[in-house]
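Asker: Since chain A is already given, all that's left is putting chain B with the ligands on it; use the hints.
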Amino acid sequence: MMQFPETIDIPLDVWVDAAMDWVLITFSGFFDLLGQIILYFMIYIEKFFVWLPWPVLVIGVGLFAWRVTGRWWSGLLMGAMLFFIGALGLWKLGMMTLSLVVASVLISLIIGIPLGIAMASSDRFEAVLKPILDGMQTMPSFVYLIPALMLFGLGKVPALFATIIYAVPPVIRLTNVGIREVSPSVIEAAHAFGSSYWQILFKAQLPLARPTIMVGINQTTMMALAMVVISSMIGAKGLGLEVLLAINRIEVGRGFEAGLCIVFMAIVIDRITFALATKKKQ
Amino acid sequence: MEKIKMEKIVVENLYKIFGPNPEVALKMLKKGHSKDEIMEKTRHGVGVADASFKVNPGEILVVMGLSGSGKSTLVRCINRLINPTSGRVLVDGEDVTRLNNKELRHFRQKHFGMVFQNFALFPHRTVLRNVEYGLEVQGISLDARRKAAMQAVEQVGLKGWEDSIPDQLSGGMQQRVGLARALALDADIMLMDEAFSALDPLIRRDMQDELLDLQEKMQKTIVFISHDLDEAIKLGDRIILMKDGVIVQQGTAEEILTNPADEYVASFVEDVDMTKVLTAESVMKKSEIMAYLKTDGPRAALRKMQKAGISSIFVREKGKCVGIVTAKNCRKAADRGEKTLHAILEKTIHKVTPDVPANTLFSMLGDENQHPVAVVDENDHLLGVIVVGLLMSRLAETMQPEINGSASANV
Ligand SMILES: Nc1ncnc2c1ncn2[C@@H]1O[C@H](COP(=O)(O)OP(=O)(O)O)[C@@H](O)[C@H]1O
Ligand SMILES: [Mg+2]
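For the record, the sequence lines run as chains A and B.
Numbering follows our numbering, in which position 176 of the first sequence is assigned residue number 176; successive positions increment by one, without gaps.
To convert a position in the second sequence, counted from 1, into our numbering, add 1000.
Just so you know, not all the hints are guaranteed correct.
What the hints assert, rightly or not - Computed cross-link-like contacts, DMTMM-like style, restricted to lysine to aspartate or glutamate with a CA-CA straight-line distance of at most 20 Å:
1. Lys1318/B to Asp1355/B
2. Lys203/A to Asp1163/B
3. Lys1285/B to Glu1378/B
4. Lys279/A to Asp1167/B
5. Lys1320/B to Asp1380/B
6. Lys203/A to Glu188/A
7. Lys1041/B to Glu1023/B
8. Lys237/A to Glu251/A
9. Lys1102/B to Asp123/A
10. Lys203/A to Glu1162/B
11. Lys1243/B to Asp1380/B
12. Lys203/A to Asp1050/B
13. Lys279/A to Glu126/A
14. Lys1110/B to Glu188/A
15. Lys130/A to Glu181/A
16. Lys203/A to Asp1143/B
17. Lys1318/B to Glu1378/B
Said to hold, decoys possible - Computed beta-carbon distance windows for the label pairs:
18. Glu181/A to Asp1095/B: 35 to 43 Å
19. Arg1043/B to Glu181/A: 22 to 30 Å
20. Ser196/A to Asp1206/B: 35 to 43 Å
21. Ala118/A to Asn1083/B: 22 to 30 Å
22. Arg1043/B to Leu39/A: 53 to 61 Å
23. Asn1021/B to Met139/A: 51 to 59 Å
24. Asp1036/B to Glu181/A: 29 to 37 Å
25. Ser196/A to Asn1021/B: 27 to 35 Å
26. Ser196/A to Pro1357/B: 47 to 55 Å
27. Gln1168/B to Leu34/A: 45 to 53 Å
28. Pro1057/B to Ile132/A: 49 to 57 Å
29. Ala118/A to Arg1043/B: 26 to 34 Å
30. Met1218/B to Ile132/A: 49 to 57 Å
31. Ala118/A to Pro1057/B: 40 to 48 Å
It is worth saying that the hints were derived from the structure and are not from the lab.
Treat the numbers as computed from the prediction; the structure is a model and nothing was measured.
By construction, the Cβ of each residue, glycine as well, lies at the ideal position given by its N, Cα and C atoms.
Isolated chain A, as found in the complex:
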């Protein structure tokens, strides 16, 4: 077998490190500030979920699930799953995980929907963004942990950051697709009646793209939940950390409990957002 010549060695790693150093030094103030703001925001969300009395959440989610799915037993099941998390003694950790998911999904939507809209209204922007999104989705999720760690250190903020990077592509992509799928003749009619760009966006494109965007939100939420577990490696407290600790100590039972809670949480979030996405608007 022929060895690849060692003289050919592109120092990509060195370059990336250098770039990262440069970013860290140049923008350290910015990232510190950003980190502070995000932290502040997250603490509030976490406080809210931890404060929320458990029966309120269990019953509230149950009723809501009943309403959106239209099946009482579905609501009952959702409520029971949440109850089970508490019954295993993991309520507080569960709420920490949930708050991280909620925070990262909210920020993902704030970033993702406008990007999706921009992508839909410019073919050139779409051509640039599409390969980037493809790359982001094929990259193994824990790769994002490294820059997050370097930019924000350990803790909730880098966990949130990594989660957003990992979870945001579907909502961008599906907002774009949803808007582009709107029938051109409807858009033409809107133009014919003298609508402006924003009027077309808010009165025709977004309402008609809503089901597709909701599917994007569903996917983003599921990915955020998956990433939250992984981001426990850089210090996010919650169910993910519980799993991580159990693995380290080879405590199968403990890991199973926490894992099961994550699955339940995933089912509840998925069913509800999916039902919202497919629900017919009356």
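Answerer: Same frame as chain A, but now just chain B with the ligands:
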């Protein structure tokens, strides 16, 4: 400068060429190359080539042609849903092609209601909210626009359906919504791109009738696209015929039908029942001579007939056409020494207005009494007469170009 009745829309030398570099294609087109040649050499599509026409206020202009002849492109150049490559479009004297985006939006809001072949309703909005859309975009208050929208919904006969969503309605009803959406605006021009083509024939006929009824009240300026000659004849005050982006003929239905500009037009005309198209006026013999019941006796009537070379004459009394006398009876009455026409006046006659279709005349002329039909104006003044022989020969004449057309095609 005195403003006389101005054309509502004037289109001057309008071209639309699809493709990245229309100038090259435009030059070729102006040198006389054909649409196919230009497509082959430059990969540019010719949508409309050198179209010029005018639309008068309150008139329905029908643009007709086969699929792909550029009708939709032409009508979209008027409100600039498609930007023309060159040429001008004037609406009320204002050049639409020079408006910037904001001006264009306002111009559309003010002047153009549009109805589409595939309805193009907003599927997420109720009927009422579809209809109010144009007003909503203009920033009209909720109360005012709901009221106007409700009125438009009633106008098109959809009262009671205002809270339905379009998917729940039949095609005909959906297009009524489309029509109401355009009417609610109170714009002075309606652009209707094959508005009824997607509907089945019975519903289509209803919609056509309704449009004509509405138009009687509203007097909008309507540009109506159609590929159906019967529809064009029914709706159009004037018709424009297009082929390969070029206007090949324009005129009234009758002008086009009786004198097709070329074989393309003739091929359209072919399957139209001529008697439906020709009117009483176009098959009558002009004649204003009448006898007067009060003053004319048999001899006077006879003299009038002899002078005009006719064998019967309509009789008038107190401003009305009341009957007819024949030369034969006049002679008999004169021999009997009668002084008036009363005894020989035949009161069962057929009177028609000049615009009735010629096909309704056959039954009137088929009567055993064989009298001609009187063509009268609204004051019962005689305009002309129609006799069987004349009707037949006029029909034969108008069939002629079609016969020539198919004969030369066989050679
Ligand atoms: N957006 C477009 N791009 C390229 N060619 C077009 C476009 N729209 C229409 N055309 C071409 O222009 C011609 C006229 O089309 P159109 O106005 O839709 O005809 P019609 O409405 O009479 O069926 C056709 O040859 C069509 O292929
Ligand atoms: Mg068309």
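Asker: Determine for every hint whether it applies to the structure shown.
Answerer: For each hint, the structure was consulted:
1. Lys1318/B to Asp1355/B: violated, 25 Å
2. Lys203/A to Asp1163/B: holds, 18 Å
3. Lys1285/B to Glu1378/B: holds, 18 Å
4. Lys279/A to Asp1167/B: Holds, at about 16 Å.
5. Lys1320/B to Asp1380/B: Given that 20 Å is the threshold and the Cα spacing comes to 6 Å, the pair holds.
6. Lys203/A to Glu188/A: Holds. Lysine 203/A to glutamate 188/A sits at ~13 Å (cutoff 20 Å).
7. Lys1041/B to Glu1023/B: Distance ~14 Å between lysine 1041/B and glutamate 1023/B Cα, so the pair holds.
8. Lys237/A to Glu251/A: holds, 18 Å
9. Lys1102/B to Asp123/A: violated, 23 Å
10. Lys203/A to Glu1162/B: holds, 19 Å
11. Lys1243/B to Asp1380/B: violated, 43 Å
12. Lys203/A to Asp1050/B: Distance of about 37 Å is beyond 20 Å: violated.
13. Lys279/A to Glu126/A: violated, 29 Å
14. Lys1110/B to Glu188/A: holds, 17 Å
15. Lys130/A to Glu181/A: holds, 17 Å
16. Lys203/A to Asp1143/B: holds, 19 Å
17. Lys1318/B to Glu1378/B: Given that 20 Å is the threshold and the Cα spacing comes to 15 Å, the pair holds.
18. Glu181/A to Asp1095/B: 35 to 43 Å: holds, 36 Å
19. Arg1043/B to Glu181/A: 22 to 30 Å: Holds - the Cβ-Cβ distance for arginine 1043/B and glutamate 181/A, about 28 Å, lies within 22 to 30 Å.
20. Ser196/A to Asp1206/B: 35 to 43 Å: holds, 36 Å
21. Ala118/A to Asn1083/B: 22 to 30 Å: Given range 22 to 30 Å: holds, Cβ gap about 24 Å.
22. Arg1043/B to Leu39/A: 53 to 61 Å: holds, 58 Å
23. Asn1021/B to Met139/A: 51 to 59 Å: violated, 42 Å
24. Asp1036/B to Glu181/A: 29 to 37 Å: holds, 34 Å
25. Ser196/A to Asn1021/B: 27 to 35 Å: holds, 30 Å
26. Ser196/A to Pro1357/B: 47 to 55 Å: holds, 48 Å
27. Gln1168/B to Leu34/A: 45 to 53 Å: Taking Cβ atoms as reference, glutamine 1168/B and leucine 34/A lie about 50 Å apart, which means the hint holds.
28. Pro1057/B to Ile132/A: 49 to 57 Å: holds, 56 Å
29. Ala118/A to Arg1043/B: 26 to 34 Å: Hint holds: Cβ distance 31 Å, inside 26 to 34 Å.
30. Met1218/B to Ile132/A: 49 to 57 Å: Given a distance of about 54 Å, which is inside 49 to 57 Å, the answer is holds.
31. Ala118/A to Pro1057/B: 40 to 48 Å: Check passed, 44 Å falls within 40 to 48 Å.
Checked against the numbered hints above, the structure violates hints 1, 9, 11, 12, 13, 23; every other hint is satisfied.
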